[in-house]
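Chemist: For reference, the chains in residue letters:
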Amino acid sequence: MSQPNMYIQAAEQLSIQQPLSQQWMSEPVLTDHLLTTAMAPNYRDFIDPREARRMGGLIKRALVTTLKVLRDTGIEHPDAFITGTSIGSLVYTERLLDALDESEEAISPTYFMQSPHNTVGSALAIFTHSHGYNTTYSHGACSFDWAVMDAWMQMRLGKIHTALVGGYEEMTQNCFELLQKAGYVGQPGMVPCAEMSMSMMLNTQCSDNCLCQLSGVAMGNLAYRERMRQQLAQMLEAAHLSTTGVSAVMTGKNGNPDNDACYDGIVADLLPDAPLLRYKHLFGENYTASAMGVYAAAHCLAQGRIPDCLHDNNRPARCIKPSAILLVNQMDQQEYSLMLLTKI
Amino acid sequence: MEELIQELKEGIIEVLNLDDVTPDDIDADAPLFGGDLGLDSIDALELIVLMDKKYGIKLKDPSEGKKVFLSVATMAKFVSENRTK
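Residue numbers (this note's numbering), protein chains in the order written: chain E, 1 to 344; chain W, 1 to 85.
In case anyone wonders, no lab produced these hints; they're calculated from the structure.
Since we're looking at a predicted model, the values are computed, not measured.
Glycine residues also receive a C-beta, built at the ideal position from the N, C-alpha and C atoms.
Treat the hints with care, since some could be wrong.
Stated by the list, open to error - Dumping the calculated EDC-like pairs for lysine to aspartate or glutamate here, alpha-carbon to alpha-carbon at most 20 Å:
1. W:Lys58 - E:Glu105
2. E:Lys60 - W:Asp20
3. W:Lys53 - W:Glu10
4. E:Lys60 - E:Glu76
5. W:Lys53 - E:Glu94
6. W:Lys67 - W:Asp20
7. W:Lys54 - E:Asp98
To be verified - Covered, in the sense of this in silico footprint (three residues per stretch, anywhere, with C-beta under 8 Å from a C-beta of chain W), are these stretches of chain E:
8. 44-53
9. 301-308
Just need the whole structure built from these sequences, with the hints factored in.
Modeler: Written as structure tokens, this is what we have:
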């Protein structure tokens with residue numbers, strides 16, 4: 001039985017960059033702040049303030065990117081909402097914990113209700129009256145990647161045809177300081193720690209407005225490097241590509257020497273001659289930042305160009321007209337994901 | 001009492017995140033629930049938390065809550081008679 005193709009029909013972002021815009025490709029917003037909040041859109045264009053009054057920032061941002069994608073694609077009720085968020089509504093979680101610390105008897109129900117990680121995906125479905133499959137992945141730096149993998153597998157099985165897949169993360173000063181102490185963010189030379197929301201529509205049907213094809217997804221553990229090579233070979237074969245057919249490799253380099261050296265090792269092993277791209281200096285670092293890599297690569301393929309701001313200057317090779325971009329995501333040199341996006 | 005009514009209106013706007021509502025928009029004698037504000041049962045729970053935190057009043061009987069939260073004026077009367085802080 002032939003497997004269905006999968007396409008990214010639309011992808012929208014709220015982040016450090018101009019909201020709901022691809023302006024970052026020509027006029028990127030650059031910041032040297034260690035912690036940066038997402039640039040807010042005009043929420044009233046999407047949500048009635050009374051409906052939004054109980055929503056925390058994370059849910060509001062997720063809702064805006066989702067509603068924009070639903071509007072752009074004309075799909076009111078996707079077959080699935082699949083969410084990746086590592087720490088969920090962190091602001092409300094902190095407020096709940098602070099309230100518990102004060103008194104266990106007077107807890108705001110709003111903070112309590114919105115603290116679970118899966119509240120984001122649920123809120124999207126409730127707001128859009130979508131009653132299909134709804135799942136949230138909270139798997140550290142591969143949360144978004146597992147959400148994509150879920151959609152990928154269900155589409156291959158023919159269980160769903162459309163899926164709203166998103167990566168959503170917010171940050172607080174308290175959490176930032178803890179992560180800084182752990183060396184995860186806020187170190188000298190590192191990209192800013194940032195909030196983001198990215199929603200995209202995956203569809204098994206290709207249409208004129210699709211950005212690109214999602215040609216492969218694979219996950220694994222870096223301890224099994226041979227398995228990674230096999231996965232890439234299978235992915236390229238299924239996409240009828242050779243290693244030279246990969247226009248560029250997009251990595252999650254973030255300025256942390258250990259992290260970046262790990263990516264260099266992977267790329268040297270898999271595709272030593274391919275041009276290198278990076279995106280976290282533009283969109284920031286957080287547990288679900290890999291969603292922004294997919295977003296950036298999809299728009300590059302749709303526009304048939306790679307802006308200079310994405311090129312990793314450590315490698316001289318440049319990609320002018322991309323036809324296939326391999327995304328590599330990893331953290332702590334453990335779990336990884338590979339995604340192959342190709343031009344339609 | 002007027003001062004307490006104003007304080008309650010401001011507290012309600014704050015805890016219920018009624019960003020586009022001002023204290024002047026709330027009629028002290030109008031029904032809090034089922035009226036223009038569009039409040040629901042979760043809001044009732046938020047108001048119970050407000051009464052506890054700000055005035056030290058613990059509302060445990062649901063039927064009592066219905067009478068207390070009839071309007072801002074009934075809330076103010078109940079607070080003035082039962083507050084512990």
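Chemist: Holds or violated: are the alpha carbons of W:Lys58 and E:Glu105 at most 20 Å from each other?
Modeler: holds, 9 Å
Chemist: Can you tell me if the region 301-308 of chain E counts as covered by chain W, using C-beta to C-beta distances under 8 Å and a minimum of three residues?
Modeler: violated (count 0)
Chemist: Please work out if W:Lys53 and W:Glu10 have their alpha carbons no farther apart than 20 Å.
Modeler: holds, 15 Å
Chemist: Holds or violated: W:Lys54 with E:Asp98, Cα cutoff 20 Å?
Modeler: holds, 16 Å
Chemist: Taking only the CA atoms, is the gap from E:Lys60 to W:Asp20 under or equal to 20 Å?
Modeler: holds, 17 Å
Chemist: Under the criterion that the straight-line Cα-Cα distance not exceed 20 Å, is the pair W:Lys53, E:Glu94 satisfied?
Modeler: With a Cα-Cα distance of about 18 Å, the restraint between W:Lys53 and E:Glu94 holds, given a limit of 20 Å.
Chemist: For a C-alpha distance cap of 20 Å, please report whether E:Lys60 and E:Glu76 respect it.
Modeler: holds, 18 Å
Chemist: How does the coverage statement for the region 44-53 of chain E fare against chain W, requiring three or more residues with Cβ below 8 Å from a Cβ of that chain?
Modeler: holds (count 3)
Chemist: Are the Cα atoms of W:Lys67 and W:Asp20 separated by 20 Å or less?
Modeler: violated, 27 Å
Hints 6, 9, counting from the list given before, are not met by this structure.
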